[in-house]
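Chemist: Here is how the chains run, residue by residue.
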Amino acid sequence: GAVVSQHPSWVICKSGTSVKIECRSLDFQATTMFWYRQFPKQSLMLMATSNEGSKATYEQGVEKDKFLINHASLTLSTLTVTSAHPEDSSFYICSAPQRDSNEKLFFGSGTQLSVL
Amino acid sequence: QKEVEQNSGPLSVPEGAIASLNCTYSDRGSQSFFWYRQYSGKSPELIMSIYSNGDKEDGRFTAQLNKASQYVSLLIRDSQPSDSATYLCAVNIRGSSASKIIFGSGTRLSIRP
Chain S
1 GAVVSQHPSW VICKSGTSVK IECRSLDFQA TTMFWYRQFP KQSLMLMATS
51 NEGSKATYEQ GVEKDKFLIN HASLTLSTLT VTSAHPEDSS FYICSAPQRD
101 SNEKLFFGSG TQLSVL
Chain B
1 QKEVEQNSGP LSVPEGAIAS LNCTYSDRGS QSFFWYRQYS GKSPELIMSI
51 YSNGDKEDGR FTAQLNKASQ YVSLLIRDSQ PSDSATYLCA VNIRGSSASK
101 IIFGSGTRLS IRP
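In the order they appear, the protein sequences are chains S and B. The first sequence begins at 1 in this note's numbering and counts up by one. The second sequence begins at 1 in this note's numbering and counts up by one.
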């Protein structure tokens with residue numbers, strides 16, 4: 001299956017700093033990538049859909065100025081958590097669908113963010 | 001009403017028995033349905049996808065879909081301790097501009113030896 005690489009795997013930062021998470025499709029091109037957030041013992045909540053070459057589509061309740069998404073190429077999408085606060089501590093997971101459809105998501109390994 | 005609903009469990013099943021996981025969804029227009037398995041601290045991995053009414057079998061796993069009832073299920077035969085995980089039902093939901101995959105809250109499955 002397709003491979004999606006996500007970095008870093010975990011990050012600890014101080015409150016008020018910004019953290020960038022990268023998501024790369026290694027062996028296929030992804031015009032769309034999905035960013036999910038998962039709190040402990042809860043399900044994946046879709047935050048936004050990143051679209052190569054255009055603005056991301058954010059889900060209701062997700063602050064686009066706080067969670068900056070950039071999808072500058074067909075293989076790379078980044079999520080930047082700006083001015084992170086302890087309540088932003090969560091597991092962030094990116095995913096990319098099979099080419100030309102929103103089917104069968106391939107997931108990155110996830111990033112555990114802890115904000116002190 | 002949540003878009004995708006699952007019983008959170010935990011569901012405890014003895015080793016060797018059949019585990020049955022259920023999921024309902026709200027969007028009648030949904031055409032694609034998935035079951036993912038997630039171990040603690042890891043990303044989800046796809047187990048099954050199903051698009052047509054009826055059953056689809058893959059090894060010990062059988063997915064069942066009933067679009068009229070808006071119901072999807074996953075059966076795991078000959079349950080093994082390694083099957084202990086959280087199982088996420090996912091549905092392709094039509095958005096205003098594009099479709100997206102929405103997950104249920106997951107069912108925690110525990111296989112007891």
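Honestly, the hints are just simulated from the structure, not real lab data. The beta-carbon is built from N, C-alpha and C at its ideal position, and this holds for glycine as well. One or more hints might be untrue.
Stated by the list, open to error - One-sided and incomplete, this derived list gives chain S residues near chain B with beta-carbon spacing under 7 Å:
1. Cys-13
2. Val-19
3. Lys-20
4. Leu-44
5. Ser-109
6. Gly-110
7. Leu-113
Claimed, not checked - What the simulated footprint calls covered on chain B by chain S, stretch by stretch (three residues with Cβ under 8 Å from a Cβ of chain S suffice, anywhere in the stretch; the number is not a length):
8. 40-46
9. 99-113
Chemist: Which of the numbered hints above does this structure break?
Modeler: When the structure is compared with the hints, numbers 1, 2, 3, 7 turn out to be violated.
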